[in-house]
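K.L.:
Here's the letter readout for the chains.
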Amino acid sequence: MKRGTFLASLAIACCAAPGFAHAFLQRAEPGAGATLRAAPRRVALSFSEKLEPIFSGVTVTDSSGRSVETGAVVIGGHSMVAQLRPLPPGSYRVVWHAVSVDTHRTEGAYSFTVKP
Amino acid sequence: MIALLATARGLHIASLMTIFGGGTYAALLRRTGLPGPPAKAARLLFGIAATLALVSGIAWFCLVAGQMSGSSEGSLDPAILRLAAFDTRFGQIFLGRLSGLIVLWLICALGNGSDRISIAVLAGALLALLGSVSHAAAGGGDIAGAANDAAHLLAAGFWLGGLVVLIMFVRRHWTDATPLLVALRLFSIWGTPVVAVLVITGLFNAISILPLSMMSLRNPYFDLLLVKVGLASVMIGLAAMNRWHFAPALRSGGDKATRYLAYSVSIEIGLGCTVVAVAACLGLTSPH
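Read top to bottom, the protein sequences are chains F and A.
Start counting the first sequence at 6; every next residue gets the next number (this note's numbering).
Start counting the second sequence at 1392; every next residue gets the next number (this note's numbering).
To be clear, the hints were calculated from the coordinates, so they are not data collected in a lab.
Mixed in with the good hints, there may be bad ones.
[Unchecked claim] For the chain F half of the interface with chain A, some residues (derived, Cβ under 7 angstroms), not all of them:
{"hint": "1", "residue": "GLU57"}
{"hint": "2", "residue": "ILE59"}
{"hint": "3", "residue": "SER84"}
{"hint": "4", "residue": "VAL104"}
{"hint": "5", "residue": "VAL106"}
{"hint": "6", "residue": "ASP107"}
{"hint": "7", "residue": "THR108"}
{"hint": "8", "residue": "ARG110"}
{"hint": "9", "residue": "TYR115"}
No experiment lies behind these values; they were computed from the predicted model shown.
Built from N, CA and C at the ideal position, the CB exists for glycine as well.
Throw the hints in and build the complete structure from the sequences for me.
P.N.:
In structure tokens:
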């Protein structure tokens, strides 16, 4: 038993916890700080973990704070996609929140610009 | 809120480990023909653990619902709780586990204590299901990863729960070294493969969660991991002292040797529970 107890202690020492992680933004189109010649038709975000659609979302607003998405945001797997109405030149802000299937919540925001 | 979440999660896992490991080891002891731990004390232990598992499980779910909604008030909002229960993987698994937790509580609280195999199997299933909402599941729905987490939890549960029943057994046979040695040998026989599982699954978890580039003192996850390793190092030192110093004394008999063994196992249990608590905090900390 002593050997077993010793080995048990060793195992607890060596092992990491069955860990939980967070959904981090890995790729965004348009990208953060991007300046675009043509208006994008959508914003697509890709995350490091699978998402819970019911608690995840994204909004895109113009410089006056008005929403510029059309219809519901599509969320599935690791990504979320928001279709946009035709955007006039200007600055736009993307605000997102993501809950991974292991329940952790992350959020963030960035801007992009459409050139005249 | 994070502190509450860690507390609920740690209590839930530790109480299920106690029932799973303790129930399994008690059943193994019974198969050897030895009288196990005192029935009344075992019923009390499993009853308290099952109650804790049920209450902490519900609290954990409510706190997680609040966390997912982005507001601590969400933990008490019926609409948020309904969405979390029916429209998320964690919630759906929780609903299934909740029925199991209630059955477990009924068996432990109202049963006569003779059905330890059934409570061990049920507690083990409830513990293993937690692997389905782990990092591995989030990363890619990887069944192997979820199974790895489940195996890790079960192996740790066997050890921690087994130690709790072992200390009860030691106290029952305080003056008789023969059954103590049989019980200790049984623990060792089953412990060796269990430890192998712990090491392999733990290494798999460590590699998948914490890349080498993140092993920095500026990373809170790594700092917590160091605390955990430090605590475990104390356990290793204690276990080594038992192995090389106290075990021979136990074989030659004597109350003093048994007392040292009891102290040693008790301290190991305390350290093991602390390690679970640190692991609960690790589970709520981003490794990146």
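K.L.:
Now tell me, hint by hint, if it's right for this structure.
P.N.:
Results of checking the hints against the structure:
1. Annotation: interface hint on GLU57 of chain F holds; nearest CB of chain A at approximately 5 angstroms, less than 7 angstroms.
2. At its closest, the beta carbon of ILE59 of chain F sits 4 angstroms from a beta carbon of chain A; the interface hint therefore holds under the 7 angstroms criterion.
3. The criterion of a C-beta within 7 angstroms of any C-beta in chain A is not met by SER84 of chain F, whose closest approach is roughly 13 angstroms, and the hint is violated.
4. Interface restraint check: VAL104 of chain F against chain A, minimum CB-CB distance 5 angstroms, threshold 7 angstroms, status holds.
5. Restraint check, VAL106 of chain F versus chain A: the minimum CB separation of about 5 angstroms is within 7 angstroms; hint holds.
6. Given the 7 angstroms rule on beta carbons, the hint for ASP107 of chain F holds: about 4 angstroms separates it from the nearest Cβ of chain A.
7. Restraint check, THR108 of chain F versus chain A: the minimum CB separation of about 5 angstroms is within 7 angstroms; hint holds.
8. Among the interface hints, the one on ARG110 of chain F holds; its C-beta lies about 6 angstroms from the nearest C-beta in chain A, closer than the 7 angstroms criterion.
9. With a cut of 7 angstroms, the hint placing TYR115 of chain F at the interface with chain A is violated, because the nearest CB-to-CB distance is about 19 angstroms.
Checked against the numbered hints given earlier, this structure breaks hints 3, 9; the rest are met.
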